[in-house]
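**Student:** Letter by letter, the chains look like this.
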Amino acid sequence: MSNLQVSIYRYNPETDSAPYMQEFQVDTKGRDLMVLDVLHLMKEQDSGLAFRRSCREGVCGSDGMNMNGRNGLACITPLSDVVKGGKLTLRPLPGLPVIRDLVVDMAIFYKQYERIEPYLQNDTPAPAIERLQSPEDRDKLDGLYECILCACCSTSCPSFWWNPDKFVGPAGLLQSYRFLADSRDNATRERLTDLEDPFSVFRCRGIMNCVAVCPKGLNPTRAIGKIREMLLADAT
Amino acid sequence: MVTNITSFGRSGLSDWLMQRVSAVILALYTLFIVGYLLFNPGLDYYTWSGLFSQIWMRIFSLLAFISLAAHAWIGLWTVTTDYLKSTRLRVAAQALIILAIFVYLVWGIQILWGA
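Just so you know, the protein sequences line up as chains A and B, in that order.
For the first sequence, this note's numbering begins at 30 and goes up steadily by one.
For the second sequence, this note's numbering begins at 6 and goes up steadily by one.
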């Protein structure tokens with residue numbers, strides 16, 4: 030028997046007047062399981078436990094959650110990375126409304142993603158073949174296109190917590206730069222104009238929580254810096 | 006585009022640039038004043054007053070005051086928009102901050118040229 034003590038955030042709006050923390054004892058049989066495996070073992074004890082998961086290999090981005098105070102994907106986070114003193118605390122992603130237990134309402138996160146118009150815009154006549162791009166221009170998209178929209182970064186960002194309706198957030202801004210940097214997109218001016226206000230980009234204070242938690246190892250702070258450089262170059 | 010009317014330059018880009026430029030000016034001014042105090046250990050009123058009677062020092066000081074005013078406006082405006090969720094409270098705080106900055110700025114000019 031090797032018991033792991035797990036403290037988990039529980040909230041069912043239909044029956045609970047307020048959220049509470051529930052304690053579980055999980056027998057890991059001495060294995061270094063992923064946090065998602067532990068959640069499945071807990072669900073065997075209490076089938077009412079609610080959490081999102083899908084691919085269980087860090088590709089879909091469904092199981093973003095807060096593990097011992099740090100956001101990440103439960104499916105690719107081994108216990109040895111997060112457990113301190115034999116104890117694991119699981120909470121939903123911070124700053125978003127809780128629907129039930131670890132399931133959060135990501136509507137405002139997607140709304141900010143939608144706002145940056147995450148698709149190629151080009152008003153020149155379409156060529157007979159696809160729009161070509163040099164290998165050098167294609168390289169500029171590396172470190173940008175890999176985002177899986179798990180929301181670990183935006184929900185670890187205090188600027189997003191305080192103004193989720195106005196600050197685009199690290200995930201949205203990384204994607205914004207992905208299209209600003211794309212040589213095939215020619216809506217650059219319109220995109221920049223929409224970001225110039227004091228909230229959308231400039232509410233970023235550069236504390237780099239987003240970089241610290243990104244499960245894909247991406248760097249939204251760097252992308253935000255690049256957007257600032259483009260805005261400055263365009264307006265001075 | 007998010008609309009705003011009480012931020013310093015009505016533009017995130019202009020506020021961001023202003024915050025950085027004013028920070029550099031304030032850093033230079035602080036370095037100069039601290040350096041001056043260190044190199045003049047037995048500082049008396051006449052030396053101090055003589056320093057501030059020179060036009061370049063008045064320009065440098067006024068530049069620092071204006072930088073401080075802009076820097077404080079941009080910084081505190083950001084704090085109020087982060088933490089004061091009640092519109093009434095936020096607008097009142099912003100008005101108070103901007104008013105205080107204005108008073109301090111005029112007071113500073115009066116001290117610089119009044120002596």
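No lab work stands behind these hints, which were simulated from the structure alone.
Each hint should be verified, as a subset may be incorrect.
Capping the alpha-carbon separation at 27 Å, the derived lysine-lysine pairs in DSS-like fashion look like this [unchecked claim]: (1) K113(A) x K195(A); (2) K169(A) x K245(A); (3) K58(A) x K72(A); (4) K90(B) x K72(A); (5) K140(A) x K113(A); (6) K90(B) x K195(A).
**Student:** Does K140(A) pair with K113(A) here, judged by a C-alpha cut-off of 27 Å?
**Tutor:** At roughly 36 Å apart (the allowed maximum being 27 Å), K113(A) and K140(A) break the hint.
**Student:** Are the Cα positions of K90(B) and K195(A) separated by 27 Å at most?
**Tutor:** holds, 13 Å
**Student:** CA of K58(A) to CA of K72(A), is that 27 Å or under?
**Tutor:** holds, 17 Å
**Student:** Tell me if the straight-line CA distance from K90(B) to K72(A) falls inside 27 Å.
**Tutor:** violated, 39 Å
**Student:** Please work out if K169(A) and K245(A) have their alpha carbons no farther apart than 27 Å.
**Tutor:** holds, 17 Å
**Student:** When you check the alpha-carbon spacing of K113(A) and K195(A), does it fall within 27 Å?
**Tutor:** violated, 36 Å
The earlier numbered hints that this structure contradicts are 1, 4 and 5.
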